[in-house]
Amino acid sequence: MEQGRTGVALGAAMDDRLKSELQRAGIFVTSLEGIYNWSRRSSVWPLQFGLACCAIEMIATAAARYDLARFGAEVFRPTPRQADLMIVAGTVTKKMAPQVVRIYNQMPEPKYVIAMGACAISGGPFKQGYNVLKGIDRYLPVDVHIPGCPPRPEALLNALMFLQRKIDRQTLDASRPLRWYDPMDKAEFPVPSYGAHDLTPSSNRAFWKPEATPRNEG
Amino acid sequence: MNAERFAAQFPGVQWDAATSSWIVPHEILLDVANFLKTDPEFRMEMLSNVTGVDRLPAKVKTKGEDGKETEHERPGYLEVVYHFYSVSRKQGPLVLRCRTEGRETPILPSITPLFRSAEFQEREIFDLFGIVFSGHPDLRRILMWDEFEDFPMRKDYVEPDDYEWEPTPHDAVLVKARRRQVADSAPPRHDA
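Protein sequences, first through last, are from chains A and B. Per this note's numbering, the first sequence starts with residue 1, numbered consecutively. Per this note's numbering, the second sequence starts with residue 219, numbered consecutively.
If you are wondering where the hints come from, they were derived from the structure by calculation, not from laboratory data. Among the clues, some could well be false.
[Stated by the list, open to error] According to the in silico footprint, chain B covers these stretches of chain A (three or more CB under 8 Å from chain B):
1) 59-71
2) 195-207
[Stated by the list, open to error] Now the in silico label distances, taken between C-beta atoms and shown as ranges:
3) 355/B to 169/A: 54 to 64 Å
4) 129/A to 221/B: 21 to 31 Å
5) 180/A to 338/B: 35 to 45 Å
6) 278/B to 194/A: 48 to 58 Å
7) 81/A to 365/B: 23 to 33 Å
8) 74/A to 397/B: 25 to 35 Å
9) 319/B to 162/A: 57 to 67 Å
Note that this is a predicted model, so its numbers are computed, not measured. The beta carbon of each residue, even a glycine, is placed where N, CA and C say it ideally should be.
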């Protein structure tokens with residue numbers, strides 16, 4: 001952390017105009033934090049898994065036409081141990097939800113989640129059914145939600161850019177420590193178990209709270 | 219297809235004109251299916267679809283021969299619908315319906331020994347309607363998890379109250395949302 005603090009101090013002290021002045025002279029100055037986050041956000045490795053039709057759009061995004069590689073996220077890993085980003089692409093059924101949480105628990109820190117499509121963010125057209133989870137944010141901390149059924153590849157690219165800006169904002173400042181630098185934080189999210197009528201518990205109340213229904217007149 | 223010969227062969231089988239199907243008593247279901255499969259005139263070798271129906275007890279009106287309507291109680295039952303086709307004779311569908319006795323202990327014979335295509339569909343019906351197929355080689359739940367106890371496609375199924383937020387609640391969802399608001403501090407019903 002000592003180095004990180006120095007880096008931050010350097011970055012903060014450097015005036016932006018001076019930086020660009022130096023750049024014109026061929027001297028590049030950056031902060032440790034800046035180059036650290038730059039390298040992190042430029043090689044986000046997504047986990048290769050899809051649950052439904054949104055996965056097809058995800059594949060299209062990774063393929064030649066939309067080319068996710070332009071944003072440094074083309075290395076889809078088939079194992080959670082090597083992945084930084086989980087793209088929950090598709091309908092999460094209640095039968096599948098424990099497996100999704102378990103895979104997320106197996107990913108190393110720092111890890112991010114993009115919930116892609118109407119089903120993954122809310123249950124979508126199956127919201128009032130009996131077997132579809134009404135949003136993966138009930139069990140996982142979602143960084144970016146993408147609406148759409150399915151979202152266009154551009155939307156996924158936009159979500160990735162949004163996530164990159166989010167990574168850029170994460171600081172090495174020891175006064176505002178990130179969760180995953182805490183050695184005591186195991187980042188284990190409780191895996192729901194199959195109950196007699198529903199998943200138990202039906203949501204992770206530690207960080208997910210139901211919103212109040214806005215239209216309650218009468 | 220010779221419907222008269224079929225009806226003569228199995229007197230217990232009834233023609234239901236409203237649904238263009240034959241209502242088969244479950245005691246002779248396997249005999250009827252075997253006849254349809256092997257008889258050279260029918261040769262229904264493809265079972266294309268098996269599905270379930272749930273009928274709650276209801277009051278039904280029937281018209282007598284004198285034109286008078288009489289109302290009577292019809293007990294509830296579960297029903298399985300079979301669609302047969304003949305590929306070699308290019309005919310079908312021939313629809314069979316088989317009813318259980320009541321909704322409490324619904325047991326029907328499994329058609330899987332005759333038609334392998336019924337295996338997963340009967341498992342699905344067992345999963346969602348709770349009809350037990352005696353003679354099925356591997357009768358387990360197929361879509362829901364094994365610990366699940368309800369039968370979601372039954373009409374009296376009560377789904378878990380696990381949607382709390384609706385941007386524009388209406389009708390049944392509004393009723394549910396209001397009920398949720400009242401009990402908001404209480405834990406969800408099915409939570410441990």
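Checklist entry - When the hints from earlier in the document are held up against this structure, which numbers fail? => result 1, 4, 6, 8
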